[in-house]
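Protein chains in written order, with my numbering: chain A, 1 to 176; chain B, 1001 to 1108; chain C, 2001 to 2386.
There could be a bad hint or two in this list.
[As the list claims (entries may be wrong)] Simulated restraints, written as ranges between beta carbons of each label pair:
(1) C/Leu2227 <-> A/Gln117: 45 to 53 Å
(2) A/Gly161 <-> B/Ile1100: 47 to 55 Å
(3) C/Tyr2126 <-> B/Val1083: 34 to 42 Å
(4) C/Thr2305 <-> A/Leu156: 15 to 23 Å
(5) C/Thr2305 <-> A/Glu149: 35 to 43 Å
None of these hints come from the bench; they were simulated from the model.
Quick caveat, the model's predicted, so the values are computed rather than measured.
Note that CB positions come from ideal geometry on N, CA and C, so glycine has one too.
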Amino acid sequence: MEGLLFYILAAFILVFSLAVIVVANPIFSALFLVLSMISLAFMFFLLQAYFIATVQLIVYAGAVMVLFLMVLMLFDLKKEIDIFSSGQRLGGLKIASAGLLTGLLLWSIHYSIGLFQLQPEKVLDAQGQMEQTKTLSVILFTKYLFAFEALGFLLLLIAIGVVALSRIKGGTHARD
Amino acid sequence: MPEISLFKEVSLHHYLILSALIFSIGMIGVMMRKNLIVILMSIELMLNAVNLTFVAFSYYLNHLDGQILVFFIMTIAAAEVAVGLAIAIAIFKKFKKVDIHFFERLKG
Amino acid sequence: MGSDILEISINAIKLIVIFLLMVQLVPFLVWVERRGSAFIQNRFGPNRVGPLGLLQLLADAIKFLWKEEFVPQKGRAFLFYAAPVVALLPGALAFAAIPLSVPVYLEKFELFGQTWGPYRIAIQGYELGIGIVFVLDASSLGAYSLLMAGWGSSNKYSLLGALRASAQVISYELSLGLSLVGVLLLYQSFDFSDIISAQVGPLSFFFAGHDVKVPFLPNWGIFYQPLGALLFFAATFAETNRLPFDLPEAESELVAGYHTEYGGLKMLMFYIGEYGHMLVASALMVTFFFGGYHIPFISIEGVRTFFLDHGFSLNGSNLLTSLVFHLVFLLKVLFFLWVFIWVRWTLPRFRYDQLMDLGWKVMLPWALCNTIVTALVLLVAKEARF
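Whole structure, please, built from the sequences with the hints as guidance.
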């Protein structure tokens, strides 16, 4: 059962991710990315990471991708004629290098079989999900407290930076 | 090296292979596409692939720290998208297009 | 999840029934909306077809079915058709995660010549330990149908409505989530059933060494989190795009906003989505702040013994108890749905900058303040029991 779900979700994710980079219209690639994010969230459910799955849905599907779509619709882009950046030879080189990296990764995964002591958790019921979330937050606020604070500081900096960037005037939209 | 049966039972390596494939797709997108926003989306794909690895390890090694890292990655990804889109809007205001080529002309 | 065939089929049927409950409430709500608006504006409203105009719904449904199907010439047909279907998703997904009544315990019984083991059937689509977060993220998917509709119909009014809607949904989602943090801190759970079972009995809590009891008030969340309740309710208005916040479909500026190009059954599906969102918002309001399915001052055991004393079997009285509590829940939800309609026909629309100011400069700081104050109070009143 779990295997079947895995293969269905994996097929969804791969097809949608491929569509993201192949489709000519950026709005459609954003929509495909949303679908692939949602499939990935369900895969996190399958891996018993309930809180992370819901955060994935809220942050990626609920906020980040809506932002992408909004910006794309604001731009009102015309249909792109050549969507890829390079010629045949350079493009082939790029794909070959990506294939090389994939092969390297797959080879190392193949050789790592049996290195880990696998002890998967059981399927969690409603109570177990609560317990897991609680443990997660305890770890976050004790062991990773410094990282958490640093992240908060980073977010503040980025908020200021984005406001500063979006105030740039120029080009066709300049008022003065 | 023990034999694995890919189609019988799902194990850690299935998730790792899937993650490697998504990562490569994202990487091809970053290298090949012209549109700045599609490049940002491909970066999101790569980050998601890394998240999948972390969650899979966290499940199979029964260790919750992996999920904390995913949490951090998601926060940083959201922030990165905000900055990236702000830059894209600035580029669009200047050139009325969001091609990656226009970055060459950004001087001063 | 089910362990044998009967339990699995009961669970499957339950999901369908909950979805149909959501869909079937829509014609009724449309009727309430039209009659209610007429009542507020001193008109009659639909009153010709059937008693009190109730059959108007049927006539409307038949009219919707016979409308012509069309796609705008320059529209993207796929997105244009997909948007109304996607509009149904968030409401349906979120509503199925909310407990609608007391779980039913069934003892062993005979059916089809077989004995079926004892069951515990939750009156809820699916039980999730993190149900609250799940409901929040299901409702955050609501922006997509608007964006798809706006862009798919290739109409400037639709596109403007969709852009406004997505900006509004993103802005108000923050205060929506933050206003709930106080509730989560209070009950220390992400589970709806924990929150509901904590709201039984008269108002009584333990604060700084004193037992406080108020025998004439129920132990509802609104007495602990009044500001949170207010912020939450206001944010749900923005999330459902209902009137003080209906900028996405402001008819005096944008014709009809994102559904300008829609008609017939597709339009009806947008309606179902909107009313489904309202239903979820009201159900959440009841669950968090008004005691869920509980009747104030009457316990579950009391109702069950009432049915047992009147000659029902154990299983029968369990089922009837669940039904009674479900009706109470629906009654509370209907009250909040009426408030939605009431507000729509009473308040004028915001201007767009007022809307953004309200979201970012008023509601967000107050929600943050509510969170901090709740946390501080909980820290002072150590070992607080609610």
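Enumerated hints in conflict with the structure, sorted upward
2, 4 and 5
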